[in-house]
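Student: Under the UniProt record's numbering, the first residue of the sequence shown carries the number 1, and numbering increases by one thereafter.
Heads up, some of the hints might be wrong.
[To be verified] Using 30 Å as the maximum straight-line C-alpha spacing, the simulated BS3-like pairs for lysine-lysine come out as follows: (1) Lys233 - Lys219; (2) Lys206 - Lys242; (3) Lys203 - Lys175; (4) Lys242 - Lys37.
These are calculated hints, taken from the structure and not from any lab test.
All figures in this text were calculated on a predicted structure; none of them were measured in a lab.
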Amino acid sequence: MKAFFIQKLEGLLLLGLGLMIFKLYVSGHLTKLIAPKMVPYALTALFAFFVISLLRLKKQKQGRNHCDCHSNGRSPASFLALKYSLFFIPILLGFILTDFTLSGEVLAKRGMAQQQTQKQGSHDIGKHVNQEKVTVTDDNYFEVLDDLLNNLDTIEGKEIELSGFVYREDRFTNKQVAISRLSMSCCVVDATLYGYMVNGHVKGMKTNDWYTITGTLKKGSYKGEAVPVIDLKHAKKIKAPKEVYLYDNVQIIQ
Numbered sequence: 001m002k003a004f005f006i007q008k009l010e011g012l013l014l015l016g017l018g019l020m021i022f023k024l025y026v027s028g029h030l031t032k033l034i035a036p037k038m039v040p041y042a043l044t045a046l047f048a049f050f051v052i053s054l055l056r057l058k059k060q061k062q063g064r065n066h067c068d069c070h071s072n073g074r075s076p077a078s079f080l081a082l083k084y085s086l087f088f089i090p091i092l093l094g095f096i097l098t099d100f101t102l103s104g105e106v107l108a109k110r111g112m113a114q115q116q117t118q119k120q121g122s123h124d125i126g127k128h129v130n131q132e133k134v135t136v137t138d139d140n141y142f143e144v145l146d147d148l149l150n151n152l153d154t155i156e157g158k159e160i161e162l163s164g165f166v167y168r169e170d171r172f173t174n175k176q177v178a179i180s181r182l183s184m185s186c187c188v189v190d191a192t193l194y195g196y197m198v199n200g201h202v203k204g205m206k207t208n209d210w211y212t213i214t215g216t217l218k219k220g221s222y223k224g225e226a227v228p229v230i231d232l233k234h235a236k237k238i239k240a241p242k243e244v245y246l247y248d249n250v251q252i253i254q
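I would like the entire structure built from these sequences, with the hints used as guidance.
Tutor: Written out as structure tokens, the structure reads:
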């Protein structure tokens, strides 16, 4: 009877895992936990969980009249509870949570990435800094960052426009914020914070709120590293985009 119960429980847990992945997928939250390139693997796992769970449940029905051949090797109830709670708790959280973005406290502990980016795709070196106005989008975010980091001595006075959320650190003054974005390579565990230092009248800009800003570029520093800094001209509060992550195609130079 105990083996029958465990088989049934395992089948239900696998079914729950599959349903959780399906729920995250249809609600659009799956790409807040894994990068789009990993979604096909998650959907494959969903299908596998469904098939295996049905086989487990079917096997249970067929084996109800069989003896419990492993009854002499019983595991303590506390061990079984701990073992299956490792599956049950994530499934429960997957169904009840509605916000899967990283909290401000987690971001503050990680800090902004200081490394320089290295181009993975093909784009014209310096093409963005040669434009009259630099406009940063999701598609060119890392190209622009790469160009600016490699042309810090020539960006003085260049106008820039970008969108992101407000990020602060304890070291910042009341006239400093960073307009930031989160980047994901494979999953939320490797999420990295990128941002542009902004100077100006930023006291009224609430941390984690999203803004589109315009300003002029200059060379500055962050934790002793040379970085592009923006002197703020205008800031407009906006709604958070549907896709809050950038899925990068760059390599970080350590």
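Student: Please go over all the hints and tell whether each is borne out by the structure.
Tutor: Quick rundown of the hints versus the structure:
| no. | hint | result |
| --- | --- | --- |
| 1 | Lys233 - Lys219 | 17 Å, holds |
| 2 | Lys206 - Lys242 | 20 Å, holds |
| 3 | Lys203 - Lys175 | 7 Å, holds |
| 4 | Lys242 - Lys37 | 18 Å, holds |
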